[in-house]
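Enquirer: Go ahead and model the full structure; you've got the sequences and the hints to work with.
In this note's numbering, the protein residues as written are 16 to 309.
Derived from the structure by calculation, the hints contain no laboratory data. Glycine included, C-beta positions come from ideal geometry on N, C-alpha and C. One should not assume that every hint holds.
[Unchecked claim] What follows is a set of in silico ranges between Cβ atoms, one per label pair, in the way DEER data are often shown:
1) GLN234 x ALA214: 42 to 48 Å
2) LEU271 x GLY116: 20 to 26 Å
3) ALA304 x ASP220: 42 to 48 Å
4) GLY186 x HIS58: 27 to 33 Å
5) GLN81 x GLN134: 23 to 29 Å
6) GLU210 x GLY116: 21 to 27 Å
7) ILE63 x PRO128: 21 to 27 Å
8) PRO53 x PRO294: 17 to 23 Å
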Amino acid sequence: MPMTPHPLQLTRRSWIAGLTGLILSACRPVTLLNAVIPDKGMHVHRNIAFGPHRRQRLDIYQPRDQASTPHPVVVFFYGGSWDSGSKQDYLFVAEALTSQGMLVVIADYRLYPEVKFPQLMQDPALAVQWVREHAADYHGDASRLFLMGHSAGAHLAVMLSLNPVYLAAAGLSPAVIKGTVGLAGPYDFLPLTSETLRAIFAPPDQEWQSQPIRFVRGQHPPLLLLAGLKDRTVWPRNSINLAQALEAQGSEVTLLTYPNYDHVDMVAKLARPLRGNSPLLQDICGWMAQHASA
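Expert: Have a look at this one:
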């Protein structure tokens, strides 16, 4: 069972001021969490169109403390089993990354059943194209552009990095990506285990094209793959198998695993109230800093 589409709940997390019983979902709004996320450190630019469709909108989070040089840019794609999710639910991700000096873009994209794969790849590619053209307007450095995603969003980010046809349709190539970060992503998840997934990735004889691992060729942006070993929603073997395939082809890849993290932890641990002594944010930003200066 590589991926189950129903929400996974995280309970009994102790956070600030003795508040307990917080319920988080990787695929549903996290209003309670975002309500305590500080936004004083960033300028927020909401609902910027990168296409005509109502879901072709993105939010930009710009560090308020402007550096003398433009900021590295991170485009983040959220999860939700390719059929749910909303950019405003990920304020906590934006705060984490802007606190480390990143210009952060979180984009909505059309979902199933409105679109199926491979049409699902069109909006992420268009969002990257828009960011490449406009990052400088927000003190961002488009030459230091990173993609990042969690769960289904990691699938989108990694697929853009490995299969060049999707960015090519937007007039780009994976060479414009400085590096890609995949959090608990599905990259090698055949056979499909639900009717919904079979509908999203139909027809059956083309399902293989939905698998990022099938497009490893050796010339790709550097990848950072992160997985929680207690994840039972997207099995860690997805990240492990992809890392092994990339290494075998001579591609640059870093695999980090977290023994006590489940699927939700792999994004929730970025949030300031839940961060604690988690190494997740520093692992990601340290890797980005290394590749941004390369």
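Enquirer: Does the Cβ pair ILE63, PRO128 satisfy 21 to 27 Å?
Expert: With a Cβ separation near 26 Å, ILE63 and PRO128 satisfy 21 to 27 Å, so the hint holds.
Enquirer: Within 20 to 26 Å: is that where the Cβ-Cβ distance between LEU271 and GLY116 falls?
Expert: For GLY116 against LEU271, whose Cβ atoms are near 21 Å apart, the range 20 to 26 Å holds.
Enquirer: Using the C-beta atoms of GLN234 and ALA214, is the stated range 42 to 48 Å upheld?
Expert: violated, 33 Å
Enquirer: Could you tell me whether the CB distance from GLY186 to HIS58 stays inside 27 to 33 Å?
Expert: Between GLY186 and HIS58, where Cβ atoms are some 28 Å apart, the hint holds.
Enquirer: How does the Cβ-Cβ distance of PRO53 and PRO294 compare with 17 to 23 Å: does it lie in that range?
Expert: holds, 21 Å
Enquirer: Starting from the hint 23 to 29 Å, judge whether the C-beta atoms of GLN81 and GLN134 obey it.
Expert: violated, 38 Å
Enquirer: Measuring from beta carbon to beta carbon, are ALA304 and ASP220 in 42 to 48 Å?
Expert: With Cβ atoms ~43 Å apart, the hint holds.
Enquirer: Starting from the range 21 to 27 Å, see whether the pair GLU210 and GLY116 falls in it by beta-carbon distance.
Expert: violated, 44 Å
Checked against the numbered hints given earlier, this structure breaks hints 1, 5 and 6; the rest are met.
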